[in-house]
Structure formats: structure tokens, C-alpha cells
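Asker: Sequence:
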Amino acid sequence: MSLLAQYQTQAWPSPAKLNMFLHISGRRADGYHELQSLFQMTDYGDTLRFAPNATGTVRLLTAFPDVEHDSNLIVKAAQLLQDYSHITSGVDITIDKVLPMGGGIGGGSTNAATVLVVLNQLWECGLSLDQLAQLGLELGADVPVFVQGKTTFADGVGEHFTPAPTQHNGSDAVFLVIHPGVHISTQQIFTHPKLCRNSPKIDFQDYTFAKTHNDCQELVVNLYPKVAYLLQHLLHYAPSRLTGTGACVFAVFDKEASAQQVLHALQDQQILDNTTHAFICKGVAESPLHTTIKSIFNVRE
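Terminal number for the sequence shown in our numbering: 301, no gaps in between.
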């Protein structure tokens with residue numbers, strides 16, 4: 001029995017990330033931005049399952065109403081690995097989708113990374129995480145950080161990683177994350193003339209949440225009143241920030257009970273309406289996907 005058949009009922013995590021800060025220090029001649037960030041892995045996300053099929057093709061069996069099948073990053077990731085590793089086996093993929101798309105939490109990138117990391121094992125491709133991350137870069141700038149699976153500082157255009165030391169890996173933090181139900185185009189924000197692009201670079205060893213910021217936040221709250229509204233209310237209770245280019249905002253707590261209390265307060269005050277999506281998650285040093293892979297396949301770093 002193939003590994004793909006053997007593990008077809010296994011649920012594989014595809015977790016969200018948060019940008020604890022995002023400093024933009026310049027724009028290169030090729031249009032890409034020089035930036036610094038801390039990518040925080042969380043324990044909350046989608047789950048994917050993989051099963052063999054006899055067609056030799058990649059089939060995503062879960063419907064995505066707004067995305068063409070062949071344009072979906074899940075399909076593109078599987079096809080990319082299939083072509084790169086000369087795999088002739090087909091695969092059927094299903095997903096339990098809970099992460100909102102376009103939220104600044106990596107909703108599409110994390111799925112692509114889970115496909116690459118899991119199928120590398122199930123198809124026995126034998127690629128390293130570095131090789132998979134390089135492949136993932138063809139799918140999106142955030143895919144490599146999910147492939148590597150660690151809470152990590154990033155700089156350059158977001159492709160140079162420095163693993164976060166224990167005191168900064170977020171494993172003692174709890175987050176309340178809220179998606180306001182509006183779509184924000186990353187391209188719109190990064191090409192906007194009013195985006196701040198002159199933040200001085202920081203030494204990652206000196207990082208604290210309080211001493212950092214998100215350079216996209218001021219622009220986004222000016223363009224999207226609902227983001228501003230939610231952030232304003234979160235800031236009453238705890239340190240809060242926009243993640244990535246949005247639309248999600250998050251608040252940081254040291255206890256889950258505190259996060260639950262604030263969530264209930266916002267619901268009671270009707271700050272959250274039926275277009276918002278809120279969840280509570282914990283910070284983790286390592287992606288739950290990689291913890292699962294290690295426990296099943298005895299993979300060592």
C-alpha cells in the first residue's frame with residue numbers, strides 16, 4: 001500500500017500566521033519592498049486530507065466558489081511538486097476551510113505549504129525543507145515561511161529567516177483575531193503612494209512588541225473604516241495591531257480566559273456583526289503541521 005493510501009484519513013494542519021510587526025525600510029528598483037517582520041505561527045487553521053486517485057491528476061474535491069479549480073494554490077502546489085519530482089500518481093485533496101482568505105494570516109499560502117510538505121512525504125519525493133521553500137516561492141512570498149514551519153524573524157523582501165529565540169517565539173501568548181469581513185488587496189497597499197517606506201531597520205535581538213509597529217496599519221485604517229473601528233475597540237482591552245496588509249486585526253493576551261472575556265464583551269456590545277469572523281488561538285514555536293509530520297514519520301531536522 002502506498003503512503004498516500006495509508007494516510008488518506010489523516011488530517012494535516014494548515015495553520016494561520018500573524019505578523020507581530022511589519023517594518024518597511026525601502027523599495028527596490030524591481031518594485032519589491034525591503035522589510036522586517038516576525039512571523040508568529042499559531043495552533044489554529046485549516047485541515048487538509050490527501051487520497052490517491054487513478055487518474056494521475058490533481059483534483060481538489062472541496063468547492064471554492066470564488067476560485068477556479070486550476071487557479072487554486074492548493075492545486076498549483078500539488079501540480080508543481082508533481083512536475084518537479086516527476087510523480088505520475090494522482091491525488092484527491094479535501095480541505096476543512098476555517099481561515100478567511102485575504103486576511104493577512106496566510107490563508108492561501110499556508111494551504112500551499114501544507115500540500116508541498118505533506119505530499120513530499122506521501123509521494124516520497126525526498127526534498128529538503130529548503131528545496132520545498134524554494135518551490136513555494138514560485139507560488140507566493142509567504143509560502144516559504146509556512147514550509148519552514150517556525151516562528152521566525154524575516155528580512156530582505158521577506159525571504160531571509162532568523163529563527164526567533166525562546167523569549168520571542170510567542171509560545172506563551174494567546175491571540176484574539178478578528179477579520180472585519182472586508183477584502184484588502186495586498187497589491188493596493190504595497191503600491192499606495194501614502195504607504196510608509198522609511199522605517200529604520202531594527203536589531204532583532206532588541207525586539208519588543210511595544211517598540212515595533214506595522215507600517216501598513218495607518219494607511220489601512222484610513223482606507224477601511226471597519227478595520228479602524230475594530231482596532232479601536234480592541235485597543236481598549238489589550239495591545240493590538242493589524243497583521244500583514246490586513247484585513248485581520250489581533251490583540252495579545254497572556255491567558256486564554258482573558259481573550260475569551262474580551263471576545264464575549266465585543267459580542268455583547270455588538271461590536272462584532274455577522275460579517276466579522278473572530279477566533280482565539282495560541283502562539284507556537286513550531287507549526288502544528290511540522291509537529292505532526294515529525295511524530296508520524298520520525299523526521300529529524
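Calculated directly from the structure, the hints in this document are not laboratory data. There's no promise every hint is true.
[To be verified] Only pairs whose alpha carbons sit at most 20 Å apart, straight line, appear in this in silico SDA-like list of lysine to any residue:
#1 K282 x S199
#2 K294 x D130
#3 K97 x P225
#4 K255 x H168
#5 K150 x H233
#6 K194 x T9
#7 K201 x K211
#8 K76 x Y44
#9 K76 x T55
#10 K255 x Q187
#11 K211 x K226
#12 K226 x K150
[What the hints assert, rightly or not] Estimated spans, in silico, between C-beta atoms of each pair:
#13 L137 x H236: 19 to 27 Å
#14 Y229 x H264: 33 to 41 Å
#15 V98 x T9: 30 to 38 Å
#16 H183 x D30: 43 to 51 Å
#17 A257 x T291: 31 to 39 Å
#18 E159 x Q188: 18 to 26 Å
#19 H160 x Q188: 20 to 28 Å
#20 G156 x V299: 33 to 41 Å
#21 G156 x A257: 21 to 29 Å
#22 Y84 x Q188: 14 to 22 Å
#23 Y84 x K226: 25 to 33 Å
#24 E286 x H160: 14 to 22 Å
Every residue gets a Cβ at the ideal spot worked out from N, C-alpha and C, and that includes glycine.
Asker: Decide, hint by hint, whether the structure agrees.
Answerer: Comparing the hints with the structure gives:
{"no.": "1", "hint": "K282 x S199", "verdict": "violated (29 Å)"}
{"no.": "2", "hint": "K294 x D130", "verdict": "holds (16 Å)"}
{"no.": "3", "hint": "K97 x P225", "verdict": "violated (27 Å)"}
{"no.": "4", "hint": "K255 x H168", "verdict": "holds (17 Å)"}
{"no.": "5", "hint": "K150 x H233", "verdict": "violated (31 Å)"}
{"no.": "6", "hint": "K194 x T9", "verdict": "violated (49 Å)"}
{"no.": "7", "hint": "K201 x K211", "verdict": "holds (12 Å)"}
{"no.": "8", "hint": "K76 x Y44", "verdict": "violated (23 Å)"}
{"no.": "9", "hint": "K76 x T55", "verdict": "holds (17 Å)"}
{"no.": "10", "hint": "K255 x Q187", "verdict": "violated (35 Å)"}
{"no.": "11", "hint": "K211 x K226", "verdict": "violated (25 Å)"}
{"no.": "12", "hint": "K226 x K150", "verdict": "violated (31 Å)"}
{"no.": "13", "hint": "L137 x H236: 19 to 27 Å", "verdict": "violated (40 Å)"}
{"no.": "14", "hint": "Y229 x H264: 33 to 41 Å", "verdict": "violated (18 Å)"}
{"no.": "15", "hint": "V98 x T9: 30 to 38 Å", "verdict": "violated (19 Å)"}
{"no.": "16", "hint": "H183 x D30: 43 to 51 Å", "verdict": "violated (26 Å)"}
{"no.": "17", "hint": "A257 x T291: 31 to 39 Å", "verdict": "violated (25 Å)"}
{"no.": "18", "hint": "E159 x Q188: 18 to 26 Å", "verdict": "holds (22 Å)"}
{"no.": "19", "hint": "H160 x Q188: 20 to 28 Å", "verdict": "holds (26 Å)"}
{"no.": "20", "hint": "G156 x V299: 33 to 41 Å", "verdict": "violated (27 Å)"}
{"no.": "21", "hint": "G156 x A257: 21 to 29 Å", "verdict": "violated (39 Å)"}
{"no.": "22", "hint": "Y84 x Q188: 14 to 22 Å", "verdict": "violated (32 Å)"}
{"no.": "23", "hint": "Y84 x K226: 25 to 33 Å", "verdict": "violated (41 Å)"}
{"no.": "24", "hint": "E286 x H160: 14 to 22 Å", "verdict": "holds (19 Å)"}
In this structure, the hints that do not hold are numbers 1, 3, 5, 6, 8, 10, 11, 12, 13, 14, 15, 16, 17, 20, 21, 22, 23, in rising order.
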